[in-house]
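Asks: Mind the numbering: the sequence shown is residues 8 to 325 in the numbering used here, read in order.
Rather than coming from a laboratory, the hints here were simulated on the basis of the structure.
Bear in mind the structure is a predicted one, so any value in this text is a computation, not a measurement.
Just to be clear, a hint being listed does not mean it is correct.
Heads up, simulated DSS-like pairs for lysine-lysine below, C-alpha to C-alpha not over 25 Å straight-line [said to hold, decoys possible]:
#, residue 1, residue 2
1, K294, K44
2, K175, K280
3, K139, K175
4, K156, K266
5, K156, K139
6, K171, K156
7, K184, K156
8, K114, K72
9, K184, K266
10, K280, K72
11, K116, K72
Restraint-style ranges between C-beta atoms, simulated for each label pair [unchecked claim]:
#, residue 1, residue 2, range
12, I69, D129, 36 to 46 Å
13, L298, D145, 22 to 32 Å
14, N75, L138, 13 to 23 Å
Each residue gets a CB set at the ideal place from its N, CA and C atoms; glycine is no exception.
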Amino acid sequence: MSENKNTPQEIDLIELFSNIGNWFGKQINCLFNIVLKVFYFFVRNALWFALFIVLGIIGGYISHKVTNLYYHSEMIGYSHTINNIEVIQSINNWNYTSEFTEDELEKIKTIGATYLLDINGDGNWDMVEDLKNLDKMDTTIMKQRIYGKFCILVEVFDTSMIAKINTKVIDYLSKNKRVIERNQIRLQQMEEIIPKLKNEIAELDSLKRMEYFEKNKPTTAKLGDMILLGEKETKLYHQDVLALVREQQKIERDLFLNKDPFEIILDFSVPTKEENNVMALMITFAKISLLLGFLVILFFDQRKFIINQLKKSKEKII
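Could you put the whole structure together from the sequences, leaning on the hints where they help?
Replies: As structure tokens, then:
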């Protein structure tokens, strides 16, 4: 009796597993057919794809001959007076046309300033933010900005202009009245604090000697026939002295090395490779041509199916 009761359940399980297996088989077969059709599509139209790639390469070469070649260079700096946001805004709002002759302006494509981005979050800059992203107010990019250093970008048609642009940019930033005043105050404050630090170091040094040689004399007390000796705990000042000495050395180093309001960390380099070189243009045009070619070939290859679908959609509307 028990065998007869369990038989329908066993048959149902076998049928269920069989259906699942058949479904997976159909899906695999369908996927295989799609891959096969796509493969045959590309093989059948391989010559057309090759033709569109060749047309793209020719278009890139023609564009290279027609357009002017330009070069890209960057300068990374640090401001000792105003924050980098003000520096970037100042450069991007700078009307530099009055600083160069007409012939020189024709050799300049772009002068702009932007932020350095810390992608990894380790405190070091990883890349330069694109000038086009400055006004987008993207919160992700804004969190990656390093608010300390700034980057000035130049794009020129003639690399001989980079040295003059460098001079003009520094002059423009340094001649700002607010920058001059802040830098003068900064230098004055550093010069005033050095003598004070020297006095503090001397006082601590003398206090250290006095504490050790005079105030640290052992105390005596008589208790009957016994004499008790005691020593005071000596306070050590060498860590305080060293901290003040390091602070003094840092200020003296800044006075010697960083008298200017701006510090150049990485200066403009003279690029040897053009941005819109022939190979880059040919690859870009070949990609665009291949994409357009794919759409055109797909339309003509499946035109009957597309036309039938359009007719059916029109009939449903009517």
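Asks: All the hints need checking, so say for each whether the structure fits it.
Replies: The hints, checked one at a time:
Restraint check: the Cα-Cα separation between K294 and K44 comes to about 23 Å, which is no more than 25 Å; the hinted pair holds. Proximity of K175 to K280 is assessed by CA-CA distance (about 24 Å); at most 25 Å being required, the pair is judged to hold. With a CA separation close to 23 Å, the supplied pair K139 and K175 stays within the 25 Å bound. Distance check on the hinted pair: K156 and K266 sit about 17 Å apart at the alpha-carbon level, within 25 Å; holds.
The hinted pair formed by K156 and K139 meets the criterion: a straight-line CA distance of about 19 Å does not exceed 25 Å. In summary, the hint linking K171 to K156 is supported, as the alpha carbons are separated by about 22 Å, within the 25 Å threshold. For the hint pairing K184 with K156, the CA-to-CA distance comes to about 21 Å; that is within 25 Å, so the pair holds. Pair hint K114 plus K72 holds up; C-alpha atoms about 17 Å apart against a cutoff of 25 Å.
Straight-line distance between C-alpha atoms of K184 and K266 comes to about 16 Å, which keeps the hinted pair within the 25 Å bound. For the given pair, K280 sits about 16 Å from K72 by alpha-carbon distance, which is consistent with the 25 Å threshold. This hinted pair checks out: K116 and K72 have alpha carbons roughly 18 Å apart, not beyond 25 Å. I69 and D129 have their C-beta atoms about 45 Å apart, which keeps the hinted 36 to 46 Å range intact.
At roughly 27 Å, the beta carbons of L298 and D145 sit within the given window of 22 to 32 Å. At about 19 Å, the beta-carbon gap between N75 and L138 stays in the expected band of 13 to 23 Å.
Every hint from the earlier list agrees with this structure, and none is contradicted.
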